[in-house]
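Student: The residues making up each chain are set out below.
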Amino acid sequence: AQSVTQLDSQVPVFEEAPVELRCNYSSSVSVYLFWYVQYPNQGLQLLLKYLSGSTLVKGINGFEAEFNKSQTSFHLRKPSVHISDTAEYFCAVSKPGGYQKVTFGTGTKLQVIP
Amino acid sequence: DTEVTQTPKHLVMGMTNKKSLKCEQHMGHRAMYWYKQKAKKPPELMFVYSYEKLSINESVPSRFSPECPNSSLLNLHLHALQPEDSALYLCASSQESTGKGEKLFFGSGTQLSVL
Numbered sequence: 001a002q003s004v005t006q007l008d009s010q011v012p013v014f015e016e017a018p019v020e021l022r023c024n025y026s027s028s029v030s031v032y033l034f035w036y037v038q039y040p041n042q043g044l045q046l047l048l049k050y051l052s053g054s055t056l057v058k059g060i061n062g063f064e065a066e067f068n069k070s071q072t073s074f075h076l077r078k079p080s081v082h083i084s085d086t087a088e089y090f091c092a093v094s095k096p097g098g099y100q101k102v103t104f105g106t107g108t109k110l111q112v113i114p
Numbered sequence: 001d002t003e004v005t006q007t008p009k010h011l012v013m014g015m016t017n018k019k020s021l022k023c024e025q026h027m028g029h030r031a032m033y034w035y036k037q038k039a040k041k042p043p044e045l046m047f048v049y050s051y052e053k054l055s056i057n058e059s060v061p062s063r064f065s066p067e068c069p070n071s072s073l074l075n076l077h078l079h080a081l082q083p084e085d086s087a088l089y090l091c092a093s094s095q096e097s098t099g100k101g102e103k104l105f106f107g108s109g110t111q112l113s114v115l
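Listed in order, the protein sequences are those of chains D and G.
To convert, note that position 66 of the first sequence is 66 in our numbering; the numbers rise steadily by one, no gaps.
To convert, note that position 47 of the second sequence is 47 in our numbering; the numbers rise steadily by one, no gaps.
Excised from the complex, chain D in its bound form:
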């Protein structure tokens, strides 16, 4: 079965600084990878996804992620964070075919410090 690991439970970063949130996946087959964001008291919103093709994926709100097959990673980056980026970020994985069954990682809380 496929799974994702987010080793950092919390990442504090100063406003306007760059940030990288780490995600590693485990699967014996090809997978689809996603980053979702959850603001306080809200549902989840898709930031970006990798299905195939170019390994650099650009998403909403200035975020991007790079798929690295050799390192089984899909890290999320933003060159300059804002206070409004404070939220929980979930890396997620699904397997092609069948029904859409998305498995989420444990999440990383991004705390932007003014």
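Bear in mind the hints are in silico, worked out from the structure with no lab data behind them.
No residue lacks a Cβ here, since even glycine has one placed at the ideal position from N, Cα and C.
Heads up, some of the hints might be wrong.
[To be verified] If you anchor each label on the Cβ, the simulated ranges turn out as follows:
1) G:5 with D:66: 19 to 27 Å
2) G:96 with D:3: 23 to 31 Å
3) D:79 with G:63: 33 to 41 Å
[As the list claims (entries may be wrong)] Straight-line alpha carbon distances no greater than 27 Å define the calculated DSSO-like cross-link-like pairs of lysine-lysine that follow:
4) D:95 with D:69
5) D:95 with G:41
6) D:58 with D:69
7) D:49 with G:103
8) G:9 with D:101
9) D:69 with G:18
10) G:18 with D:49
11) D:109 with G:19
12) G:100 with G:19
13) G:103 with D:58
14) G:9 with D:109
15) G:53 with G:22
16) D:101 with G:103
17) D:58 with G:9
18) G:100 with D:58
19) G:41 with D:109
20) G:100 with G:53
21) G:9 with G:38
22) G:100 with D:69
23) G:19 with D:49
24) G:41 with D:49
25) G:53 with G:18
26) D:109 with G:18
27) G:53 with D:109
28) D:58 with G:53
29) G:53 with G:9
30) D:95 with G:18
31) G:53 with D:95
32) D:95 with G:40
33) G:103 with G:9
34) D:49 with D:101
35) G:40 with G:53
36) D:58 with G:18
37) G:38 with D:109
38) D:95 with G:9
39) G:19 with D:69
40) D:101 with G:38
We have chain D already, so just place chain G on it with the hints.
Tutor: For chain G alone, coordinates are given in the frame of chain D:
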């Protein structure tokens, strides 16, 4: 309209009560999902409906009973719940559920407390 609407936003129920959670979308999506999220944990898939048919049940206890009356509406009927069932229940939808990496659209959830 790109919203998934969940009602109620908050629900407190006793262990002997029967209640229902409701989810609605008007995006023409043919797949709908229920997820359960405990505090400071990731969402966990409970059920997937595709074209109004139950496609995935992740071994959820029978005290949770899903229903999909039509393609826009998804209900979760609750009966004889336990305190450990207290959680945020999230509804999501996608255009289809064919395992092609479809984007999930989430509602804001129902915060359930079981006393």
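Student: Hint by hint, which ones does this structure get wrong, listed from lowest number up?
Tutor: 1, 3, 9, 10, 11, 12, 17, 23, 26, 27, 28, 30, 35, 36, 38, 39
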